[in-house]
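Enquirer: Take 916 as the starting number for the sequence shown in this note's numbering and just add one per residue.
Hints in this document: simulated from the structure, not taken from any laboratory.
On a predicted model such as this, the values are computed, not experimentally measured, just so you know.
There could be a bad hint or two in this list.
The calculated DSS-like cross-link candidates involving lysine-lysine, where the alpha carbons are at most 30 Å apart (straight line), are [claimed, not checked]:
1) K973 - K1062
2) K1002 - K1062
3) K1062 - K1117
4) K1120 - K1062
5) K973 - K1002
6) K973 - K1120
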Amino acid sequence: MVIVDTLLDERARAHDPLRVGVIGAGSMSRGFINQIVRYMPGMRVAALCNRTFATARKALEDAGVDAADIIEANSAVAVDHAIEMGKTALTDNLDAVCASGQVEVLIEATGHIAYGAQVVLTAIENGKSMVLMNAELDGSIGPLLKKRADDTGVILTGCDGDQPGVQMNLYRFVQSIGLRPLVCGNIKGLLDHYRNPTTQAKFAKQWNQTPHMVTSFADGTKIAFEQAIVGNATGMRVAQRGMIGPELKGHVDELIGHYDIDRVRELGGIVDYVLGAEPSPGVYVFAEAQDDMQRHYLNYAKLGEGPLYSFYVPYHLMVFEVPLSAARVALANDVIIAPRGAPVVDVIAIAKRDLKRGETLDGLGGYMSYGLCENHDIVRRDRLLPFGLVEGAVLTRDVSQDSAITYDDVTLDDNSLMVRLRAEQDRLFSS
């Protein structure tokens, strides 16, 4: 943080704020656009790409951008011209913002898996580094996209502010002081696999979010994707399908005695969550010391006698922190969270109700399936259907409630971008 705020201050004092391009103008975008425009003089929203101009324009104007300073642009040349004049370019042309020579870094905030994939591919093709606010995409084909970004020489990373990024920051801190992280966890307040857009409509309206997105929070799919990408970034696995997920009506520090440390070591560390603990909605990392000297000073610092030591962050601040991710990428070449290589943890599709042959499955936060974490080697062995491919799949046989859906249970559209990219990822990491 000290490095990032210093670098942004330098850009502000030079009257050359970091030029950020934003893809998507939904609820999360509105929040971090407001942060950038009003409170971060070291960066500016140089371009905003959204399929609906009216929504995008409102997001900018609500953040305090004067209507006269918003210029509609339908080409990279027009986007560049608007930015050079000190204006914000507004476009519905993804290629235009990705190809802009003026945009220094992109933030993807579409909220859609398939369209998000197209956004990332277009950014990589144009040599643009990108901050990804899309755990569902990352957890489905992140290793492939990271490989493509690396091959092109650009950065593709998840973001600060969401729980995976906060966990990874804490993980890096714990490693930096010489401890060995063994558990990365997410503190969750509610889990009900059978929630759906109807049950979540009121809550979604209250917070200006879509019922489907809110459903994915409640039914566990979101936390599955969040912990999957932490697993892929750290090499940690899950101890069992769906994670352990203990319930605790107390402080997360009390959880350190819950884990079988020998089993956790055997797995190389695990990703997990706790339900009902405080401080919610924070994150935790449990680590072990590597010698008696460390154990002595950890005890002196009131962290206890071990063998596990609890580190936690009591919050994740979402839109307040996302702009810092863009600065870390563009100004410090720093990656917040990204796969380290081959997939380690996947998210698989589980039937939310009894499903019948011939039905077409809906997607994230829908009525028909929820997601659970599973180790990638088991997913490949048992031909389990990755959740990122579930939308539009047609059932070829019945699947009972709470059963895993497999590739053998469905017909997929081979022309689907996500289907093709997932197949490419499986081939790339087949050995």
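Enquirer: Now tell me if each hint is right for this structure.
Expert: Cross-check of the supplied hints:
This hinted pair does not check out: K973 and K1062 have alpha carbons roughly 36 Å apart, beyond 30 Å. Taken as a hint, the K1002 and K1062 pair is broken in the structure, with Cα atoms around 34 Å apart against an allowance of 30 Å. As the CA atoms of K1062 and K1117 are separated by approximately 41 Å, the hinted pair breaks the 30 Å bound. Only pairs whose Cα atoms come within 30 Å are accepted, and K1120 paired with K1062 is rejected, the gap being roughly 38 Å.
For the hint linking K973 to K1002, the alpha-carbon distance of about 16 Å falls within 30 Å, and the restraint holds. Of the pairs offered as hints, the one joining K973 and K1120 holds, with about 18 Å between alpha carbons and a cut-off of 30 Å not exceeded.
Checked against the numbered hints listed earlier, the structure breaks hints 1, 2, 3 and 4; every other hint is satisfied.
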